[in-house]
Amino acid sequence: MTPFSRRIRAIAARILSATTMERLIDPILGDIDLESREHLRRGSVWRVRWVLVSGYLSLSKALLSHAVYACAGACISDAAAVRTVRVSYIAFAVLTTALVLLPLPSDGLFRQHPGLAVYLVPQAIPISIPIALSIGIVWSWSNEVGARVMVRRLVVVSVAGAVISLATMEWLVPAAHDGFLASVTRLSASNGSPPTMHRGLGERSLSELTSMARQMSTTASSTGHRGPIGPGLRMRPGRSFTVADVTLALHTRMALSGATIALAILAVGIAAVIRSRTPGRAIFGALVLVYVASWFGAAAIAPAVPPALSAWLPNAAVVTVALGFVSVRRLAWRREIPTV
Amino acid sequence: VKRAASLPKLSAKELLVLELLSGSGAMYGLELVAASRGELKRGTVYVTLGRMEEKGYVKSRQEEAPREAGGLPRRVYEPTALGRRVCDAWTVVRQRLNPRFAR
Numbered sequence: 001m002t003p004f005s006r007r008i009r010a011i012a013a014r015i016l017s018a019t020t021m022e023r024l025i026d027p028i029l030g031d032i033d034l035e036s037r038e039h040l041r042r043g044s045v046w047r048v049r050w051v052l053v054s055g056y057l058s059l060s061k062a063l064l065s066h067a068v069y070a071c072a073g074a075c076i077s078d079a080a081a082v083r084t085v086r087v088s089y090i091a092f093a094v095l096t097t098a099l100v101l102l103p104l105p106s107d108g109l110f111r112q113h114p115g116l117a118v119y120l121v122p123q124a125i126p127i128s129i130p131i132a133l134s135i136g137i138v139w140s141w142s143n144e145v146g147a148r149v150m151v152r153r154l155v156v157v158s159v160a161g162a163v164i165s166l167a168t169m170e171w172l173v174p175a176a177h178d179g180f181l182a183s184v185t186r187l188s189a190s191n192g193s194p195p196t197m198h199r200g201l202g203e204r205s206l207s208e209l210t211s212m213a214r215q216m217s218t219t220a221s222s223t224g225h226r227g228p229i230g231p232g233l234r235m236r237p238g239r240s241f242t243v244a245d246v247t248l249a250l251h252t253r254m255a256l257s258g259a260t261i262a263l264a265i266l267a268v269g270i271a272a273v274i275r276s277r278t279p280g281r282a283i284f285g286a287l288v289l290v291y292v293a294s295w296f297g298a299a300a301i302a303p304a305v306p307p308a309l310s311a312w313l314p315n316a317a318v319v320t321v322a323l324g325f326v327s328v329r330r331l332a333w334r335r336e337i338p339t340v
Numbered sequence: 341v342k343r344a345a346s347l348p349k350l351s352a353k354e355l356l357v358l359e360l361l362s363g364s365g366a367m368y369g370l371e372l373v374a375a376s377r378g379e380l381k382r383g384t385v386y387v388t389l390g391r392m393e394e395k396g397y398v399k400s401r402q403e404e405a406p407r408e409a410g411g412l413p414r415r416v417y418e419p420t421a422l423g424r425r426v427c428d429a430w431t432v433v434r435q436r437l438n439p440r441f442a443r
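Note that the protein sequences, when read in sequence, are chains A and B.
So for the first sequence, my numbering puts the first residue at 1; every next one is plus one.
So for the second sequence, my numbering puts the first residue at 341; every next one is plus one.
Among these hints, one or two may not hold up.
Derived Cβ-Cβ restraints for the label pairs, each shown as a range [unchecked claim]:
#, chain 1, residue 1, chain 2, residue 2, range
1, A, 54, B, 416, 16 to 26 Å
2, B, 374, A, 156, 44 to 54 Å
3, B, 352, A, 91, 40 to 50 Å
4, A, 324, B, 433, 48 to 58 Å
5, B, 362, A, 46, 50 to 60 Å
6, A, 324, B, 374, 42 to 52 Å
7, B, 364, A, 324, 44 to 54 Å
8, A, 289, B, 433, 49 to 59 Å
9, B, 362, A, 290, 52 to 62 Å
10, A, 279, B, 404, 33 to 43 Å
11, B, 374, A, 289, 31 to 41 Å
12, B, 433, A, 50, 35 to 45 Å
13, B, 374, A, 46, 17 to 27 Å
14, A, 289, B, 364, 52 to 62 Å
Hint data in this document are derived by calculation from the structure and do not stem from the laboratory.
Glycine included, C-beta positions come from ideal geometry on N, C-alpha and C.
Chain B extracted, bound-state conformation:
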């Protein structure tokens, strides 16, 4: 049971985020929402990204604060090596289990 629990888990949204990030390298949260064509929502994308950061699938860095007074710095997300491997593995599994998903 412990072995099964320690297997990396990936939800559909997390897989989508990893695929988008793997394709472009690094993106902002709003860019991910725009690129997902409605599959990711503004209200939940950061919750998903935070959870993925905890799992070690993505890493983020803060950009410098904008010059405008009071502006908040933006956060850029990119996949980690583990995230890329998990994404690849899940893509392969998905293709083998159901060839309809093959891209």
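Chain A extracted, bound-state conformation:
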């Protein structure tokens, strides 16, 4: 085999699957090798050159045909599975949001004014998105979850989920909270005085939390801080937060947004090793439950460890497990590809 063929084979082995290597690349390179050796034996150097040029052109044509066929085939076979993920994702997002808001009717205020519940929907979205994605993946788990097109779409869905979650926490939650408080104050106060905004950490935007943490770490002591923070922002009377509290809230929000990506990586990792439907579903479902439990565990150890560490710990653990699955698969691939 020529050094050029060897290099092409090495590059292709990194990108393509073992089956494609076995069925497409190796036979074509083998033919080039065989033909060129035969002509070399006869002493026709120009014929060897011609075989090499036409052979590599054939290889590029074969790769192009394979890419077209693979995309078309994958699109046809994965279309149903992708549609199921998308539909179940939306359906479960709505369902989870409804479940999060379920305890509200017990509150007298919401019983009197059910329309106020709309203001609380944005708070449920960042939690419902990763839950919906997990259930959507389990629900629509098929043998094609590990296919390249499916992986790409899963990544797109998870990144979109993370972006929606971040945008919700940055703009929608504070705006909805302001709207909620304004409505409540307007309904309850008969004297017509302007509503006073008292925000907890949960109702603050990410940028507010960032500036708050920076302000607190420079001006206030880390033991506690009371009073107004930033223009127009006041905390509830009697509440105080430490820098650690604010930093933890900030990182928890960002980690919650990253949960969709972490879970998608986990699904892809499992699918790389376990292609069967039921075991794949079962293992992913079990690991999601462990992941949810790890959020409570991280909250429990939060006072003892740095806030950023405790917030990102569940995602880091899930990605590590997923990378473990992928490395197992890579080892198996290396064993499958014959060494030349």
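Following the hints, put chain B in place on chain A, whose structure we already have.
Same frame as chain A, but now just chain B:
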């Protein structure tokens, strides 16, 4: 619709490959290209064969690597029982629909 989708499909190139393989038993990719008299191209024959392998029409086995250092082993293709049946069925259908194709 599901029943129609599960029917075995065969393109013109796949039928040609099956006919060539049924005639000779087992062939290499380059032999198929040569035997097809220009109908199969070097650049696409392995894509077609790979697709047919996925469909279960042909099976392949790897021969031992050549003695020359660095040589890649060749792959031999032969039709499966399903491939032979599908080829026969398509040949009959083609003959009945258009007697001009009858061989």
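* Asked: Does the Cβ-Cβ separation between residue 352 of chain B and residue 91 of chain A fall within 40 to 50 Å?
  -> Once the Cβ atoms are compared, 44 Å apart, the range 40 to 50 Å for residue 91 of chain A and residue 352 of chain B holds.
* Range hint compliance [Cβ, residue 289 of chain A to residue 433 of chain B, 49 to 59 Å] -> The hint (49 to 59 Å, Cβ to Cβ) holds, given that residue 289 of chain A and residue 433 of chain B are roughly 54 Å apart.
* Asked: For the pair residue 374 of chain B and residue 289 of chain A, does the Cβ-Cβ distance stay inside 31 to 41 Å?
  -> At roughly 59 Å between Cβ atoms, residue 289 of chain A and residue 374 of chain B fall outside 31 to 41 Å, so the hint is violated.
* Asked: Is it true that residue 324 of chain A and residue 433 of chain B lie within 48 to 58 Å of each other by Cβ?
  -> Holds: the Cβ-Cβ distance is about 52 Å, inside 48 to 58 Å.
* Status of the given 44 to 54 Å range, CB of residue 156 of chain A versus CB of residue 374 of chain B -> holds, 45 Å
* Take the C-beta atom of residue 364 of chain B and the C-beta atom of residue 324 of chain A, compute their distance, and say whether it sits inside 44 to 54 Å. => Between residue 364 of chain B and residue 324 of chain A, where Cβ atoms are some 48 Å apart, the hint holds.
* Asked: Taking 35 to 45 Å as the hint, is the beta-carbon distance of residue 433 of chain B and residue 50 of chain A inside that range?
  -> About 41 Å separates the Cβ atoms of residue 433 of chain B and residue 50 of chain A, which means 35 to 45 Å holds.
* Asked: Within 50 to 60 Å or not, the Cβ separation of residue 362 of chain B and residue 46 of chain A?
  -> violated, 38 Å
* Asked: At the C-beta level, are residue 374 of chain B and residue 46 of chain A separated by a distance inside 17 to 27 Å?
  -> Between residue 374 of chain B and residue 46 of chain A, where Cβ atoms are some 21 Å apart, the hint holds.
* Do residue 54 of chain A and residue 416 of chain B keep their Cβ atoms within the hinted range of 16 to 26 Å? -> Roughly 23 Å apart at Cβ, these two residues keep to the hinted range, so it holds.
* When you take the CB atoms of residue 362 of chain B and residue 290 of chain A, is the distance between them in 52 to 62 Å? -> Cβ of residue 362 of chain B to Cβ of residue 290 of chain A: about 54 Å, so the range 52 to 62 Å holds.
* Asked: That 33 to 43 Å hint for residue 279 of chain A and residue 404 of chain B (C-beta), does it hold up?
  -> holds, 36 Å
Hint compliance for this structure: hints 5 and 11 are broken, all remaining hints hold.
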